[in-house]
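Same order as they appear, the protein sequences are chains A and B.
Mapped onto our numbering, the consecutive letters of the first sequence carry residue numbers 1 to 334.
Mapped onto our numbering, the consecutive letters of the second sequence carry residue numbers 335 to 608.
Careful: at least some of the hints might be erroneous.
Stated by the list, open to error - BS3-like mimics (lysine-lysine), calculated; alpha carbons at most 30 angstroms apart, straight line:
id	chain 1	residue 1	chain 2	residue 2
1	A	Lys76	B	Lys596
2	B	Lys438	A	Lys94
3	A	Lys113	B	Lys515
4	A	Lys94	B	Lys596
5	B	Lys515	A	Lys115
6	B	Lys515	A	Lys101
I should point out that these hints are in silico values taken from the structure, not numbers from a laboratory.
Everything numeric in this text was worked out from a predicted model, so none of it was measured.
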Amino acid sequence: MGNITLKHVTKSFGSTVIIPGIDLVIENGEFVVFVGPSGCGKSTLLRLIAGLEDTTAGTINIDGRDVTGEAPAKRKLAMVFQSYALYPHMTVAKNIAFPLKMAGEDQATIDRKVKDAARILNLTNYLDRRPGQLSGGQRQRVAIGRAIVRQPSAFLFDEPLSNLDAALRGTMRLEISELHHQLKTTMIYVTHDQVEAMTMADKIVVLNAGNIEQVGSPMELYKTPKNLFVAGFIGSPKMNLIEGAPAAKHGAKTVGIRPEHMNISTTSGEWKATVGVAEHLGSDTFLHVQADGVGPLTVRADGELAAHHGDTIYLTPDKTKLHRFGADGKAMMQ
Amino acid sequence: MARAVSTQHKTIATAAAWIVALLIFFPILYTIITSFKSEQEAIQGFNLFPSGTTESYIAVEAQNGYFKFFLNSVFLSVGSTILALLVAIPAAWSMAFSPGKWTKDILMWMLSTKMMPAVAVLFPIYLIFRDTGLLDSRIGLMIMLMLINLPIVVWMLYTYFREIPGEILEAARMDGASLWKEIVYVLAPMAVPGIASTMLLNIILAWNEAFWTIRLTTTEAAPLTAFISSFSSPQGLFWAKLSAASTLAIAPILIMGWFSQKQLVRGLTFGAVK
Numbered sequence: 001m002g003n004i005t006l007k008h009v010t011k012s013f014g015s016t017v018i019i020p021g022i023d024l025v026i027e028n029g030e031f032v033v034f035v036g037p038s039g040c041g042k043s044t045l046l047r048l049i050a051g052l053e054d055t056t057a058g059t060i061n062i063d064g065r066d067v068t069g070e071a072p073a074k075r076k077l078a079m080v081f082q083s084y085a086l087y088p089h090m091t092v093a094k095n096i097a098f099p100l101k102m103a104g105e106d107q108a109t110i111d112r113k114v115k116d117a118a119r120i121l122n123l124t125n126y127l128d129r130r131p132g133q134l135s136g137g138q139r140q141r142v143a144i145g146r147a148i149v150r151q152p153s154a155f156l157f158d159e160p161l162s163n164l165d166a167a168l169r170g171t172m173r174l175e176i177s178e179l180h181h182q183l184k185t186t187m188i189y190v191t192h193d194q195v196e197a198m199t200m201a202d203k204i205v206v207l208n209a210g211n212i213e214q215v216g217s218p219m220e221l222y223k224t225p226k227n228l229f230v231a232g233f234i235g236s237p238k239m240n241l242i243e244g245a246p247a248a249k250h251g252a253k254t255v256g257i258r259p260e261h262m263n264i265s266t267t268s269g270e271w272k273a274t275v276g277v278a279e280h281l282g283s284d285t286f287l288h289v290q291a292d293g294v295g296p297l298t299v300r301a302d303g304e305l306a307a308h309h310g311d312t313i314y315l316t317p318d319k320t321k322l323h324r325f326g327a328d329g330k331a332m333m334q
Numbered sequence: 335m336a337r338a339v340s341t342q343h344k345t346i347a348t349a350a351a352w353i354v355a356l357l358i359f360f361p362i363l364y365t366i367i368t369s370f371k372s373e374q375e376a377i378q379g380f381n382l383f384p385s386g387t388t389e390s391y392i393a394v395e396a397q398n399g400y401f402k403f404f405l406n407s408v409f410l411s412v413g414s415t416i417l418a419l420l421v422a423i424p425a426a427w428s429m430a431f432s433p434g435k436w437t438k439d440i441l442m443w444m445l446s447t448k449m450m451p452a453v454a455v456l457f458p459i460y461l462i463f464r465d466t467g468l469l470d471s472r473i474g475l476m477i478m479l480m481l482i483n484l485p486i487v488v489w490m491l492y493t494y495f496r497e498i499p500g501e502i503l504e505a506a507r508m509d510g511a512s513l514w515k516e517i518v519y520v521l522a523p524m525a526v527p528g529i530a531s532t533m534l535l536n537i538i539l540a541w542n543e544a545f546w547t548i549r550l551t552t553t554e555a556a557p558l559t560a561f562i563s564s565f566s567s568p569q570g571l572f573w574a575k576l577s578a579a580s581t582l583a584i585a586p587i588l589i590m591g592w593f594s595q596k597q598l599v600r601g602l603t604f605g606a607v608k
């Protein structure tokens, strides 16, 4: 089981309030991603759940049990750290076996579980090596191995892929998602990378300045962002946010249109624009344009589109995909 | 051409380094040379080639009993180091891993005590030792040596512990380790090199300490520093015997330092380069 409930959880360091009060329910087996910019309190929130930080106020329940004042070891959670935090003086086998040893398991059980974990994570050939003799990806696998052998009620990941190169990050992302499908255990994953959030999560929690801005599935957040912050944070490239006359025309303070929701024409359209930088990615082309009376926009076009610096194009936003926001920054009824 | 210049520079630099090293080492070398001379040779003036006699060593051992002083030196330096580590490890630990508002100030204050001239507190310390019956006692001197070296030991360990990433300790906590198991299985093995370097340096400092060891002892607790000073006696100066005594006093620590130089250099420079 791995139901986690936060009730008005607050964290302050001295007079600095990091998390003013968060309520959140995480269901058993869910893959929940905390996402937000640097300093939004996402890692602090994870550490509060782990028990590595004391809560200033509020309660944390795991499977109906109040664990707010409990030591990390008693919460039956496993954590994978950004720096991997492997024990440098122990071999891979001993690193993975460490939590089992602490739990007082017998040697035969430890050996069996370490072998199983090593097999799942492709580490069988590296069991006698020390962490210093492994690559970044292998170290990350050892850290995951150390977490899975305990069969915890939930896994906590604190930006586990941010030290890896782009290619390896993509592979590890898939491996962690696959692991979640195999184990079906609750996972809480902290990242500042919205691509990781969108691709891995069952549920995304968008945080900003210690507050939850929105909770929902990746597609909910993509389709119906509740406010300007979520609209600007979720989606890659970012949603275009337009103020002034074009927004007023739609009865809003700000309108948002995603780069992929604009029709491009070389002859006619709602907004006339001049192409600045054109990024040809093969499958897509990202055009950074200056639209007359609107301002700078990013447009996602077909990879075959042959637009170049200085070309004039016409853009027409898809009215059904237009997001309207009021003066308070909140989404208006469509 | 550029390569030739750089080789030339390298040769000059190497030669300069050797000259400086020899200059620094020369007093010790000359002490050793003099110890193999007769008293007559020793006072005859500068001479790098001794006759090779060991009469000074035999006389020194027969007159003063080297081994008693040697054993005292071992007891005092090792004992005071163990005592200092027992106090300093928990202190450095708490300052490194859960620093408080005043941690930096406490560290600075501790270090500032090393800036005080020892002679300023000679009288009060002497009187305390006299009144508590600790004069010429190995236990008393061991405590004294522990106290004077404690600031350096705490600082060194603090610097070393600060290099251990906090996340590793947190990982151990998440893995179910109690505080005791965290210390035994994770922290201690990772801190061993630092503790070893600190221990070696402290043994050397305690071994060489001469101010308190000479003033607070007479016969029973006197270490090798007192052994050397006993040769500048009212009977006059006997250079060859004094040199033999000095050689015997520095030899053990020199040999230990030679074998552990890698650890020592690491100890002296850790924290300097991240």
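Status of each hint after checking the structure:
For the proposed pair Lys76 (chain A) and Lys596 (chain B), the alpha carbon gap of about 43 angstroms is over 30 angstroms, so the pair is violated. For a cut-off of 30 angstroms, the pair hint linking Lys438 (chain B) to Lys94 (chain A) is broken: about 37 angstroms separates their Cα positions. Restraint check: the Cα-Cα separation between Lys113 (chain A) and Lys515 (chain B) comes to about 21 angstroms, which is no more than 30 angstroms; the hinted pair holds. Restraint check for Lys94 (chain A) and Lys596 (chain B): the C-alpha separation of about 28 angstroms stays at or below 30 angstroms, so the hint holds.
For the given pair, Lys515 (chain B) sits about 24 angstroms from Lys115 (chain A) by alpha-carbon distance, which is consistent with the 30 angstroms threshold. In summary, the hint linking Lys515 (chain B) to Lys101 (chain A) is supported, as the alpha carbons are separated by about 10 angstroms, within the 30 angstroms threshold.
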